[in-house]
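Each chain, letter by letter, is given below.
Protein chains: 2
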Amino acid sequence: MSSDATAPFTDCPIPIADAKEILMGHGSGGKLTARLVEELILPAFRNRFLEPLDDQALLPVGGGRVAFTTDSYVVTPLFFPGGDIGELAVNGTVNDLAVGGARPLFLSLAFILEEGLPLAELERVIASVRRAAEAADVLVVTGDTKVVNRGKGDKLFVNTAGIGVPLPGASLSSRRVAPGDAVLLSGPIGDHGVAILSQREGIAFGGDVRSDTAPLHRLIAAVLEAFPDVHAMRDPTRGGVAATLVEIASRARVGVEVDERAIPVRDAVRGACELLGLDPLLVANEGKVVAFVPEEGAARALDAMRSDPLGREAARIGTVTGEHRGMVTLRTPIGGRRILDLPFGEALPRIC
Amino acid sequence: MSSDATAPFTDCPIPIADAKEILMGHGSGGKLTARLVEELILPAFRNRFLEPLDDQALLPVGGGRVAFTTDSYVVTPLFFPGGDIGELAVNGTVNDLAVGGARPLFLSLAFILEEGLPLAELERVIASVRRAAEAADVLVVTGDTKVVNRGKGDKLFVNTAGIGVPLPGASLSSRRVAPGDAVLLSGPIGDHGVAILSQREGIAFGGDVRSDTAPLHRLIAAVLEAFPDVHAMRDPTRGGVAATLVEIASRARVGVEVDERAIPVRDAVRGACELLGLDPLLVANEGKVVAFVPEEGAARALDAMRSDPLGREAARIGTVTGEHRGMVTLRTPIGGRRILDLPFGEALPRIC
Chain F
1 MSSDATAPFT DCPIPIADAK EILMGHGSGG KLTARLVEEL ILPAFRNRFL
51 EPLDDQALLP VGGGRVAFTT DSYVVTPLFF PGGDIGELAV NGTVNDLAVG
101 GARPLFLSLA FILEEGLPLA ELERVIASVR RAAEAADVLV VTGDTKVVNR
151 GKGDKLFVNT AGIGVPLPGA SLSSRRVAPG DAVLLSGPIG DHGVAILSQR
201 EGIAFGGDVR SDTAPLHRLI AAVLEAFPDV HAMRDPTRGG VAATLVEIAS
251 RARVGVEVDE RAIPVRDAVR GACELLGLDP LLVANEGKVV AFVPEEGAAR
301 ALDAMRSDPL GREAARIGTV TGEHRGMVTL RTPIGGRRIL DLPFGEALPR
351 IC
Chain P
1 MSSDATAPFT DCPIPIADAK EILMGHGSGG KLTARLVEEL ILPAFRNRFL
51 EPLDDQALLP VGGGRVAFTT DSYVVTPLFF PGGDIGELAV NGTVNDLAVG
101 GARPLFLSLA FILEEGLPLA ELERVIASVR RAAEAADVLV VTGDTKVVNR
151 GKGDKLFVNT AGIGVPLPGA SLSSRRVAPG DAVLLSGPIG DHGVAILSQR
201 EGIAFGGDVR SDTAPLHRLI AAVLEAFPDV HAMRDPTRGG VAATLVEIAS
251 RARVGVEVDE RAIPVRDAVR GACELLGLDP LLVANEGKVV AFVPEEGAAR
301 ALDAMRSDPL GREAARIGTV TGEHRGMVTL RTPIGGRRIL DLPFGEALPR
351 IC
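Order-wise, the sequence lines are chains F and P. Position 270 (the first sequence) corresponds to 270 in the working numbering; numbering is contiguous. Position 25 (the second sequence) corresponds to 25 in the working numbering; numbering is contiguous.
Just so you know, these hints were derived from the structure itself, not from any lab. Each hint should be verified, as a subset may be incorrect.
[What the hints assert, rightly or not] Derived BS3-like pairs: lysine-lysine, alpha-carbon spacing no greater than 30 Å straight-line:
#  : chain 1 : residue 1 : chain 2 : residue 2
1  : F       : K20       : F       : K155
2  : F       : K152      : P       : K20
3  : P       : K20       : F       : K155
4  : P       : K152      : F       : K20
5  : F       : K155      : P       : K155
6  : P       : K155      : F       : K20
7  : P       : K152      : F       : K152
8  : P       : K155      : F       : K152
9  : P       : K20       : P       : K152
10 : P       : K155      : P       : K20
11 : P       : K152      : F       : K155
12 : F       : K20       : F       : K152
Take the sequences, apply the hints, and build the full model.
Now the structure itself:
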C-alpha cells in the first residue's frame, strides 16, 4: 500500500481506476481527487505559478505580488449547526489565502441558483456572507449570478475567489517542509464534518457538535509574527488532517510521524465517528490549521496559536522525518504504528 | 413603461414582481436580474470598489492597482457551433477585464462536476480552456474541483475569476458616459445566442451560425491606443446589446439614441430571429464590444476597431444624448422611433 496520493491505482480492489465518468469520490479530497487533478487538470496548465500546488498562487502584478485563490462550495444542507454555505464560502477562501502567508483583502462572489430556490434562503446566505466578510475584514468587490433550471442544480452553489497580499517575511510552501519540522495543529478535529453529517442524517450525537468554520488569518498572522520562518501551513478541509499530511509527505518527499494520542478530538466527535465508522483524521475541518515549523520555532509558534481564541487547544501532533519519505506514520494509542493512507473516495461527499 | 432596468415592477402584467423564489428570468440579464442584484445582493456589500457596478473591480493592492472579475458559466449544451463552455469561460472573463481597460493576466478555474459526467467531456473542456488561455495569453494559476450527485447539477459548471492590470491612461466606467459620446459596436450581433439555440433545439438555420466567442483584449487595447479617452466599454452578453445600452442609460443617467439600420446583423441570424420571434438586440454575444467614445475620438476608435480581425464589421450605431435620460431610443428602419425596453426574463436561458 502506498500513501502517495498520486500513486497508480494498482492496489484498488474495485475497478474504479478505469472509471470513464466522474464519481462522487472525485470530489472527496482522497486519491480520486488527486488523480483527477494531477492527471487531467494540471498537465493542461503547467506553469510556474500553478506548479507549487499550494492552495493559492503568488503572482507578480504591477510591480508587487498578489496572492490569488478560488473555491466553489456545494455543501448540503445549506444551513447546518455552526454555520452555512455563505459563511463557509468566505472563511474557506480567506483561509486558503492565509495558509499561504497572505493577508486576505478582496473576494469575488458568484452564485449558481436553482430555479425555485426560496428568495428567503438566498437572503439568509447573502446576510451570512456579509457578516463573515465583515468579521474577516475582507470586501466583496465583484460578483455574478446565474440561474439553472429546476433539477439541474441543488438550491445554491457559490464560488468565491480571493485576492491578498503576502505578509512581509513569510515564505510558505509545501516544498519547504523538511525533516526535523514540528507538526502543529490548531485545535480539535472533525467538528465540521460531523456537524454536517448530523444535520444531513438527522442524527443528534451526544453533545452539541457545531461546524468550526472560522477565518484563520489572524491566528496565522500571529504565528508568523512569533516565528516568521514557518515552512508551510494548510487548512485540513476535504479529506481532513489525513489528506493534508499525506499531501505534504508526498509533495515535500518527507516522512511525517504523528502521535495519535496528541491529536485533539472532542468526545462528541469521537463518539459520532465511532458510531459511524469514520476516522476523525479523515473528517473535514473548516477552522483549523496544520503548521510545519522548524524545531527551534515550534514552541513559539505553538504559544502564538494558543494565544488566539481559535487556537486555545492547539497541540504539537508530530514531527517531519527523513525516513519513510512520502509516507505518514501514525503511532497509535496502544503503542503500535500504522501507515496513514487515504481512501479513494470518502464517506462524506459535499462537505464543503 | 420605463426602460430603467431597476424600475419598480409596477408595469409587470404578471405577478412576477412578488416572486418568492428564484425564477429562470433572474438569470436572464433582464429586469429580474437587475432587480435581484440591485435589491438583494448589492445592498449587502456596498463599498467603493463594488459601487461603480462595472464588470470588474479596480483594487489597490500592494501599491499598485489590480482589476478583478468573476463569472460562472452554466451554458447548455456544453459544446455548440463555434465554441464550448471552456472557451466561453476564458473569453468571457478575459473580456470582462478588457472592457474595464485592463490587460488580462491570470485566471482561476473552478469546476462543479455532476456525477456521471463522461471524463472524455471533461477532458475536451479542459483542452478547450487551455487553447483559449493560450490564445488570450493568460495563465490559469489556481483552481478547484467539486463533484455533486447525479441529478444535482448539469454535467459541468465552471467559474473563472480573472486578474489584470489597468492599461496606462485608460479610465473606463459607465459613470463617464456623457451626452455627445458616439456609440460604437465592433461587429454583427446575435451569433452566440442563435448558435446555442440552434444546437439546443436541433434547428439548422439557413447558413452556418457559429458562436462569436473570442477574446477582445487586443481589439480593445488597439482602440485605447488610438484614442485613450474612451469613456466606457461593455461586452453585450446576457440580454444582448439592448441590456448593455439600457444599463448604461440608467447608470450614467443619459439618453442613448440608436439607429437600428446601423446595427450589423448577419442574414442567417436575422432570419433565425424572425423565425423564433426574437429581437437580435436582446440576443447574447460573446465576442463583441460596445464603446462609448467622445465625438472627437469616434472616427479614430472606429478605425482601430476595423483594423482588428475581430472588428472588421464595426459600426457606429448611435449617439449619447442629454434628452430622455435613462432611456434608449431606437430609430427604426421605417423612420419611426421606439423605446428599447428589457423583458423581465428572456427567451434564452443558460446562454453563457
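A quick look at each hint next to the structure:
1. F:K20 <-> F:K155: Given that 30 Å is the threshold and the Cα spacing comes to 28 Å, the pair holds.
2. F:K152 <-> P:K20: 20 Å, holds
3. P:K20 <-> F:K155: The given pair, whose Cα atoms are some 14 Å apart, holds under the 30 Å limit.
4. P:K152 <-> F:K20: 20 Å, holds
5. F:K155 <-> P:K155: 16 Å, holds
6. P:K155 <-> F:K20: Roughly 14 Å separates the two Cα atoms, so the pair holds.
7. P:K152 <-> F:K152: 6 Å, holds
8. P:K155 <-> F:K152: 9 Å, holds
9. P:K20 <-> P:K152: Since the Cα atoms of P:K20 and P:K152 sit roughly 22 Å apart, the hinted pair holds (cutoff 30 Å).
10. P:K155 <-> P:K20: 28 Å, holds
11. P:K152 <-> F:K155: 9 Å, holds
12. F:K20 <-> F:K152: 22 Å, holds
Checked against the numbered hints given earlier, this structure breaks none of them.
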